[in-house]
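Produce the complete structure using the sequences and hints provided.
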Amino acid sequence: MDTQSALSLILSGDPALFAILRLSLVVTLSATLLGGLVGLPLGAIVALTRFPGRAGVVVTLNGLMGLPPVVVGLLVFLAFSRSGPLGSLGLLFTPQAMIIAQAVLITPIISALTRQVIEDLWAEYRDEFTAMDVRPWPRMQALLWDARFALVTILLAGFGRAAAEVGAVMIVGGNIDGFTRVMTTSIALETSKGNLPLAIGLGMVLIGIILAVNAIAWSLRLWSARHAG
Amino acid sequence: MRDKRDGAVANQTWQPARADIAEITAVDDNGLEPKIAGTPSVLVLNGIVVCAGATTLLDRVTLHIRAGAPTAVVGPNGSGKTTLLRLAMGLVTPTAGTLRVDPAKRAIVFQKPVMLRRTVADNVAFALRAARQSADREAVSTLLAVVGLVALADRPARQLSGGEQQRLGIARALARRPQLLLLDEATASLDPAQTNIIEDLIGAIARSGVKVVFATHDRGQARRLAGDIVFLVRGRVNAHAPVDTFFTTPPTEAAKRFLSSDLVL
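Protein chains in written order, with this note's numbering: chain A, 1 to 229; chain B, 1 to 265.
Among the clues, some could well be false.
Unchecked claim - SDA-like mimics (lysine to any residue), calculated; alpha carbons at most 25 Å apart, straight line:
id, chain 1, residue 1, chain 2, residue 2
1, B, Lys112, B, Gln221
2, B, Lys112, A, Asp133
3, B, Lys112, A, Phe129
4, B, Lys112, B, Ala193
5, B, Lys112, B, Pro76
6, A, Lys193, A, Arg22
7, B, Lys112, A, Asp127
8, B, Lys112, B, Gln194
9, B, Lys112, A, Asp146
10, B, Lys112, A, Leu144
11, B, Lys112, A, Ala123
12, B, Lys112, A, Tyr125
13, B, Lys112, A, Arg126
14, B, Lys112, B, Asp154
15, B, Lys112, B, Val92
16, B, Lys112, A, Thr130
17, B, Lys112, A, Leu121
18, B, Lys112, B, Gly90
19, B, Lys112, A, His227
20, B, Lys112, A, Pro136
21, B, Lys112, B, Cys51
22, B, Lys112, A, Ser224
23, A, Lys193, A, Ala16
24, B, Lys112, B, Asp122
25, B, Lys112, A, Ala150
26, B, Lys112, A, Arg139
27, B, Lys112, A, Met140
28, B, Lys112, B, Gly220
29, B, Lys112, A, Arg135
30, B, Lys112, A, Gln116
31, B, Lys112, A, Ala225
Hint data in this document are derived by calculation from the structure and do not stem from the laboratory. Quantities reported herein were computed from a predicted structural model and do not represent experimental measurements.
Written out as structure tokens, the structure is:
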């Protein structure tokens, strides 16, 4: 019965459900964009440069892939709280704070995976690029471009991670109805209230989004194999 | 030059850049230097040693590679042919000895060139930009015409056949306008038709004034293309002789055994 009620909520275009869905997508897509802007070049730089302490950076990035969302939420909360270093910005309990928290969560994932992909590709391209005398900046651009399909998959993995997390956005967003309530926090709240149809409906949409993300990644792989070799 | 529709090497006028390299007058003291007087050297190795860990890949190699007809580097597996070419390209650092070559005027085509994940034309454009050359449509088309790949300009490079990829690798190398072109077993694993196309291309490039140094297992190919032969055994130059001399009166016992297909150890 709960499942039928959930389906009717989705099919009837329930405004509350779709408001939550819209905000979730805005927050997660923005966080993925931000994480990509930082994580992709950071991963490529670490992959292509040698500097003292590089091994420590690699280990740290890899380790931060398993960063607990609640810890990220706590750190961002402390940074943006009134007495925190960024408290004057007044971002706590806003969607912007949620975007930042999710971006902090997924940037290490994106950069660590990017480093691995670019490092592997560089091992393949090194001799050719050295023989061509390709300079560092064009080299990085070319490697990022040639790894584009793998990098899109990495971004989608970051998107999936951000879309599925609840701890960080709960702490820094506050789960305020109509303002910072997203799918995962709503599911947690509605379940605790016993409002299972909405929780199930949101859960179905969330699973649908994650499946769609994977379908996109798979399609990209097929397309790249056909069109770009 | 061959003129087939798809795999053709077009009859293009293509001029390499020339660089001034002073003639080396020092004479090799081990009697391995072919006597081609008055020809400038484009690649000089003097007492080169290359080690990888405890393994010596090249052992006191002294060579003067002179401008003119292609030089074939032959020898059994593990004799150091690839290491010699990679050294000449600057991809390997010698443990000892000196190397003299104009770094701006050399290019290499690997046995399996890495194709960038973009079109054939974009691969050439990338090489032209890396060589600080104009990468406009005309420059790209000129190089593709030289290697007979104009018709495939918009195809993803990774979808080319092995022979076509080799030709694209050569086009990218020519983007550097080299005076010295190094080819590492460019026709290994190609069928006879593709091998012929590549050999025609090597001949055309050599006639345009580019010094070609190629490693090969194919003794027939060495005989067809080369002006002189460098014969390596276990990282050492066993013989360096004009091609006719090498094949008709092999200068060493190892060369005789190599030519008669005996195992050279």
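Fill in: Violating hint indices (sorted, rising)
none
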